[in-house]
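Protein chains: 2
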Amino acid sequence: MKQSEMLIPTLRENPADAEIKSHQLLVRAGYIRQTASGIYSFLPLGKKVLKKVEEIVREEMDKAGAHEMLMPALQPSELWKESGRWDTFGPELMRLNDRHQREFALGATHEEVITSLIRDDINTYKKLPLVLYQIQTKFRDEKRPRFGLLRGREFMMKDAYSFHDSYESLDETYERIYNAYSNIFTRLGLNFRAVIADSGAMGGKDTHEFMVLSEVGEDTIAYSDESDYAANIEMAPVVTEYEKSDEPLKELEKVATPDQKTMAEVAEFLNHPLEKGLKSLMFKVDDRLVLVVTRGDHEVNDVKLKNLYQASVVELASEEETRKVMGAGFGSLGPIHVPDEVDVVADHAVKYAVNVSCGANEDGYHFLNVNPGRDFEVTQYADLRFIQEGDPSPDGRGTIQFARGIEVGHVFKLGTVYSESMKASFLDQNGKSNPMIMGCYGIGVSRTLAALVEQYHDENGITWPTHVAPFHVHLLALNVNKEEQKNLAESIYETLKKEGVDVLYDDRKERAGVKFADSDLIGIPLRITVGKRAGEGYVELKQRKSGEQTEVHVSELLTRVNKWLKQ
Amino acid sequence: MKQSEMLIPTLRENPADAEIKSHQLLVRAGYIRQTASGIYSFLPLGKKVLKKVEEIVREEMDKAGAHEMLMPALQPSELWKESGRWDTFGPELMRLNDRHQREFALGATHEEVITSLIRDDINTYKKLPLVLYQIQTKFRDEKRPRFGLLRGREFMMKDAYSFHDSYESLDETYERIYNAYSNIFTRLGLNFRAVIADSGAMGGKDTHEFMVLSEVGEDTIAYSDESDYAANIEMAPVVTEYEKSDEPLKELEKVATPDQKTMAEVAEFLNHPLEKGLKSLMFKVDDRLVLVVTRGDHEVNDVKLKNLYQASVVELASEEETRKVMGAGFGSLGPIHVPDEVDVVADHAVKYAVNVSCGANEDGYHFLNVNPGRDFEVTQYADLRFIQEGDPSPDGRGTIQFARGIEVGHVFKLGTVYSESMKASFLDQNGKSNPMIMGCYGIGVSRTLAALVEQYHDENGITWPTHVAPFHVHLLALNVNKEEQKNLAESIYETLKKEGVDVLYDDRKERAGVKFADSDLIGIPLRITVGKRAGEGYVELKQRKSGEQTEVHVSELLTRVNKWLKQ
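So the sequences go chain by chain: A and B.
Numbering-wise (my numbering), the first sequence opens with residue 1 and increments by one.
Numbering-wise (my numbering), the second sequence opens with residue 1 and increments by one.
Simulated from the structure, these hints should not be mistaken for lab results.
It is possible that part of the hints are untrue.
Chain copies aren't distinguished; within one or between two, either way the pair holds.
Claimed, not checked - Below, a list of computed lysine to aspartate or glutamate pairs in the DMTMM-like style, where the Cα atoms sit at most 20 Å apart:
(1) LYS52 / GLU459
(2) LYS2 / GLU536
(3) LYS566 / ASP225
(4) LYS2 / GLU499
(5) LYS126 / ASP507
(6) LYS127 / GLU5
All chains should be built: construct the whole structure from the sequences, respecting the hints.
In structure tokens:
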């Protein structure tokens, strides 16, 4: 392709609103343009990369036995009302009325459409399982669109749905798609982890998220430094074995701690390390009040609290509610003398505390030398805290480290949530009607493109891996006004094209400096520069990512190009 | 692909609302399903065909030097207000508000988005011309969605836009895209015509529509039986040379024609053929009243009237307005004694009328023996009628025939309509600022799929041409309970797959009759039936379209399949 004929509008400056590298570089290198907040156009280079990512996704999904289809973006509200999500999805679901004032949603996801379609056409176990996917534009009205393609309002997704007559069949498909996803992100050259995730409000069973490791990720992953264990931080169980110090128990003592509100303030005031204090937080777990006690250096994990109570809603109680039952505000709560209507649950670590401090349930006072068992009882000890770096890995191998991750994929055992609410059932071998068992599986395709740039860039621009690069070779004619350079470049261009090498030819009447800068920015893996030694038939060959370069005579160029591209 | 694993829900009955063959067959053969009125899901078979059509479009667009990109469906209203179309597009443009109450359009077309994008990034003739295209979902809220994929509310389009610094450059690109379109529809195997079309309200210059010939088409094409001339019926000029009869002029006479309203009634009442009467219709051309006179057997072409006056709006005057100036209602109008404020224009044929009848501008009366020149004068004679079958072709070769057509493509010289209203300008070689000159080019991709079925079907189902068929070979195991049939079919399936033959294998436990009926319905070009002679290694090979069939021994099967597929 001749660069002079292509729309590749490079910029020297970062766009004002672009906070992260992928956003900055994709705009500056002419891959994308913003049409409105969170809404982007893919220019020719961006579309090329998008297609390459899509093709890898498609190949692996096909291999996994999934069948491609295409559902509409316009979805009648009736379907969303059946599933109940018309009311629960919130303002992220974009809605509109047609000319006859019928309500529609703009597809944020397609569980409703596919479930309605399958229930109309499939009614027997003989036609199950079915695994269907599409690669399609999705719409979500993010409150705060940001980070370019990472959090947009209109974006490209691969979404898949499976239908089964048994959980064994679901498990089998789940594993196949899980493996397909691993293949996809491996082929894309991404440094990623499949992490155990929260199945959340959707009522499903297993779920994994595929996270690309990146500082700009919005999620924290806890992973083992010695195994492939990885989980979303809220999902990692704590398996630390605590030891009880043999320090003799001291006498309980109440002290004034005026104006000391936070754990850190109290610890400093009492002159002990954070871990020598107990932290007590009041939660509303559905309709019940629960005082959750952890060690001062630990954080309460409300997902674990929710799971402990199998509750629907967990939230911090207001200070007003808390004071009403406890007689004290947030800074002075503790597990001693708690009214009967309040559950006291504590993290395992609390059991091993000796001579620690805690709030006295009286504003401005704390107890010293508190000892569980002697000074207070709890309803239950449980794993209630977030895992921390340095904790042992839950799989028993290695130590937990933290990393930030960009969620690019998600596999999810839905179970019968949608098939029950939308009445998608099948007759089993005994002629009995059962709700279909479902799974859903997503990949953020345009987000993956941004994640690639987060992992593949340097200070001068993008450094694409070959299999997703918009072109394989960038051919630069440094000075097209010089006949010998122009002629040599043109002949190399024709040869490469003829040999099937995917080449972008910078034939523009621009200065050499502009061409080099644009080439670095665009990030094509291999660069051929036709410059001063064109007359002798010598050109420069350079690898974008490693910076490795060499002079090559045109007679050997094709061999060398093919060799380097294979590396 | 194994049919048992794929979602191909065939139906024996036509859907109640499906009036035409493509709609009926695509639903019955399991290619599409309706999600809402005018909104469809493409099931795996449908998606496969769609992709094949898209790929042919993509290849030819790339060859024509166009570059693929992807613009968003969500388009800020500000852009549509700049072009003026927010107000003029009407209810077909779907609109919505985001969570911040900002207005958006759902892309019905992308002139606004691309023009805004180009004006921000391109400002010099050095970077022109640019030709960009996308294959993308479009939204138009049709008042009456019908005919399945032919007139939907959400559909797949290929739209392209070009930007130029001169009309010569636009002409050159227009011709290239025109040729690309001819290649696309030829490769698709469609019987089509490129017809001269009305550039309408968009103020453009040249425009052609690509029409697939089909009885169910909503447009009428006038084409020559001896040349490649073809035009939308309203665009075809009439070049008929009339002759004046040498019959002596008779005396003007007024007769009562009580209750005779239409031309046909009057002609019958007066006992003369239709062409011996003059038809007079009152139009409002912008703010002017114009009486248009044609021969009784001709129809007024209001596009020609509009072009004659270079008017914005042409519509029939109301009977009330007409009576006010003419003193008579619709059935009794004529060109004799017309008030000065009314223009009288007549079609060329009227000039050659001798002793004809016309309305007397008095309710219930007509004149007989009317002769132009003697009895009335006209402001102007012009080509004002629709062409008719039997008229000479405007290019001087052959005679006009009519056909119905489905519009599948459109090429259009936009000129500077959008670049002027949206201020997309470039600096020319003299440093002078000019509005960019634009072209736009569309193909209805999903509509083309339906048009293919309109041309490729018989009474049993679809008869796909090979290059767009969802599979090339349909392998049927008639009775999978018989080991020898099952084994042979499986081994043929594996061989074909290994050899790269695109095969659908009907491995279902269904009766032979069901398999044959489904196979005919689905319409894969070549069928291999493994049946009773499986034990001897013989199978049946049948061409779906021609019905030609033969028995083949498995040893020769692959050779024969490849030979037949090449035909």
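Evaluation of the provided hints:
{"no.": "1", "hint": "LYS52 / GLU459", "in the structure": "neither (25 Å within a copy, 41 Å between copies)"}
{"no.": "2", "hint": "LYS2 / GLU536", "in the structure": "neither (24 Å within a copy, 59 Å between copies)"}
{"no.": "3", "hint": "LYS566 / ASP225", "in the structure": "neither (32 Å within a copy, 58 Å between copies)"}
{"no.": "4", "hint": "LYS2 / GLU499", "in the structure": "within (16 Å within a copy, 37 Å between copies)"}
{"no.": "5", "hint": "LYS126 / ASP507", "in the structure": "between (60 Å within a copy, 12 Å between copies)"}
{"no.": "6", "hint": "LYS127 / GLU5", "in the structure": "between (51 Å within a copy, 7 Å between copies)"}
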